[in-house]
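Protein chains: 2
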Amino acid sequence: MPLFSGFLYIPPMPNEESFARLPGFRDFPPQELAFRQHIFDAWRRVSRRYGFLEYDGPPLEGLELYTAKSGDEIVGQLYNFQDKGDREVALRPEMTPSLARILADRSRSLPKPIRWFSVPQLFRYERQQRGRLREHFQWNVDVVGEADVSADAEVLAVALDGLRELGLDEMDFRARVSDRRLLRAVLEEAGVPSGEMESAFQVVDKVERESDERTLERLGELGLKPTAARKVLELLQAPGLERVQEHYGDRDAVGPVLEDLHRYLEDLAALGLEENVEVDIRIVRGLAYYTGIVFELFDRKGELRAICGGGRYDRLLELVGGESLPAVGFGMGDVVLGELLRDRGLSPHFRREVDLFIVAIGDDLRPLARRVAAAERARGRSVVYGLRSQSVRKQFSQAGAEGARRTLVLGPEEVSRGVAVLRDMQDGEEREVALESFFPDRREGL
Amino acid sequence: MPLFSGFLYIPPMPNEESFARLPGFRDFPPQELAFRQHIFDAWRRVSRRYGFLEYDGPPLEGLELYTAKSGDEIVGQLYNFQDKGDREVALRPEMTPSLARILADRSRSLPKPIRWFSVPQLFRYERQQRGRLREHFQWNVDVVGEADVSADAEVLAVALDGLRELGLDEMDFRARVSDRRLLRAVLEEAGVPSGEMESAFQVVDKVERESDERTLERLGELGLKPTAARKVLELLQAPGLERVQEHYGDRDAVGPVLEDLHRYLEDLAALGLEENVEVDIRIVRGLAYYTGIVFELFDRKGELRAICGGGRYDRLLELVGGESLPAVGFGMGDVVLGELLRDRGLSPHFRREVDLFIVAIGDDLRPLARRVAAAERARGRSVVYGLRSQSVRKQFSQAGAEGARRTLVLGPEEVSRGVAVLRDMQDGEEREVALESFFPDRREGL
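Residue numbers (the numbering used here), protein chains in the order written: chain A, 1 to 446; chain B, 1001 to 1446.
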């Protein structure tokens, strides 16, 4: 809408809404920031425990990094635009393409396997719904350069340990794992033409949310005969490993995949994680680049969306112009996880805290308060004092608001004797301390 | 350029450039990430030492948050676009408007002064030059709700301590401080009409980079008589406090400002920072919303751009629809600071490290390796083992590449005796340890 409409200039209205936060974005005032940091800290501790190194990339990337390689769903939800240099760019909707791009130049000189993690903020323009945001932070953990299924197990172990580190246990969550090659073999056997395979994956992906009739109908649309469609549906209704083994175990395309899955489960058992994991061939994952084992983590009550998703993507690095390297990884967002932690009473108690608040009785002593503060801060302690002239009562009230563990009271009489009064704010105990003790290196007087 | 040109479809060329990083953006592979983290850690430690709480906001904001209140320079360099809901949005070029917006809803319920800090990534579409990036991370520290000049001093102290925390000292940097009200009084006195004051500030801002003739000419263009222009230039050539005091100290608009500046310098002296600070009335700062004392930090050699800039902005919160609250703060970027640290040899040595690498002699022992790893990780240690079947030599070589402090060697003979060999990778010392010691809570055998 042009501001000049004919000869009538309509000035822009002052509008409180103009300065509102964009819908789907979050502010993090200190209490929310502390909760976010609590999650990030756990993610970082666990990553390091498994020998992963942290990396990061830019939040803005060339659009083409996503259009060819990510799933249709993501590309339809990109925050993309043309920059002032006429480049087509997008806010990153996921981290894996950036990882592949960063490694494309460097992987040859790095010892394998490469174990990297990151905690990027990601952006998607989704239709606004309750609990659906347009940004989130996502823990990304990847092992690059190892094709063995033990790398898949290691990566899932990291994800599960990330949840346990935050206080969740096997009663709270479970991992559902599958292998895209398995589902592909089953669907091929049932008569899905290879050109319809992606569509068939989408039918499977939705099977838990749709009626049996609708699923049969959709499978029929993909070219399956009614008997074959019914057989696929039955399999999807009892989606564990046994049934697949029983019905398809002797097929060429299925045998080696089942063997991989069995080794995967054994590795997870050796890591003590068997209780958390179940095979479920309905797990597909939305991203186009997955090639093998895929997994999702869910809350056991089934109230929330997936907490985490990941899998093997052996061809992505090559696709962005890098070395051909197998890779496996996951992304875990902070939003669904945060909801789960809050539901389970696992969000940490937030409180402000400083080591020391210095109370000056009279303005003449405010410079001394600053000198003591500087000395204590040089020792690494957190120290606050009033920034304006105010009554002792107000200073104590501010000490309380700041969460001071101790106060140091500088009074004229005490200072003239070379001391000050240190008060423990928990038990109220007071004692005199020599002012000299704050300046042990100084010869001159106070 | 349309892809369909007449009836000739020209397919997009596969192009390695498509997957390049955008110009002006940085990747952070682990070594660079570690350097960035080293800086962030120092910033956070110092912030907490002064009682500041961390917050964050979204990297994307409504465009109007910047167009009315930031400087022209920033607005001309915005990454702005229309989102899929037809909102005019921009990647944040600075943090202060977001802070003002976040506080607008909350400040009434918060105890004053509000001490908040943040480490956001910021974005500007600047013309590409050596060393000029289009993003950086910026330490933002603000005291909101305190008009007293001691808040200005406190905020500058935080900035200076941030540099000292990273190993820099007064030989490396200095703070140049001024007060916009002072410069305004001087320029008014010299005959600059109030409508030209912003332009006059820009002349002053550039005086160090331009010839005297050019500066006189530009002051003339703003309406100054040659004598007045020469007097202003002389002042800008000896820009300390004495000269201003001498020539303008008795003016109504100048006296109280000088008094504030003296108290500011006294407060900084009490904090032990007098060596780092000099008054320089040429310091203006580019942002439109500053109202009082402003400052910049520079490397003493004068080789780099400003490390940090800040000042008082007493009207911004009101402008975005919040409570009328005085405020003072600064932003310190990671790019110039990083250059300075590297110049001074103050970037930390990067090395990969894990506590333990487990070597399995024979594939039969790989499950045991996993169980030991899981047990050690549960104790918080970082543990890595080979993810594929490989020779003992290769496993040791991987242990070296991972920076393992110790290796645990699981051999069939030792394991049959219930032990394994722990080797210190620094001194090569080896000793046998009981496998039981890894699983103290387990009754059953290994």
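Take these hints with a grain of salt, some might be off.
[Stated by the list, open to error] Derived DSS-like pairs: lysine-lysine, alpha-carbon spacing no greater than 30 angstroms straight-line:
no., chain 1, residue 1, chain 2, residue 2
1, A, K206, A, K231
2, B, K1231, B, K1301
3, A, K84, A, K206
4, B, K1231, B, K1206
5, B, K1394, A, K84
6, B, K1225, B, K1206
7, A, K206, A, K225
8, A, K225, A, K112
9, B, K1084, A, K84
10, B, K1206, A, K394
11, B, K1225, A, K206
12, A, K112, B, K1301
13, B, K1206, B, K1301
Derived from the structure by calculation, the hints contain no laboratory data. The structure displayed is predicted, hence computed values, not measured ones.
Name the hints, by number, that the structure is in violation of. When the structure is compared with the hints, numbers 3, 5, 8, 10, 11, 12 turn out to be violated.
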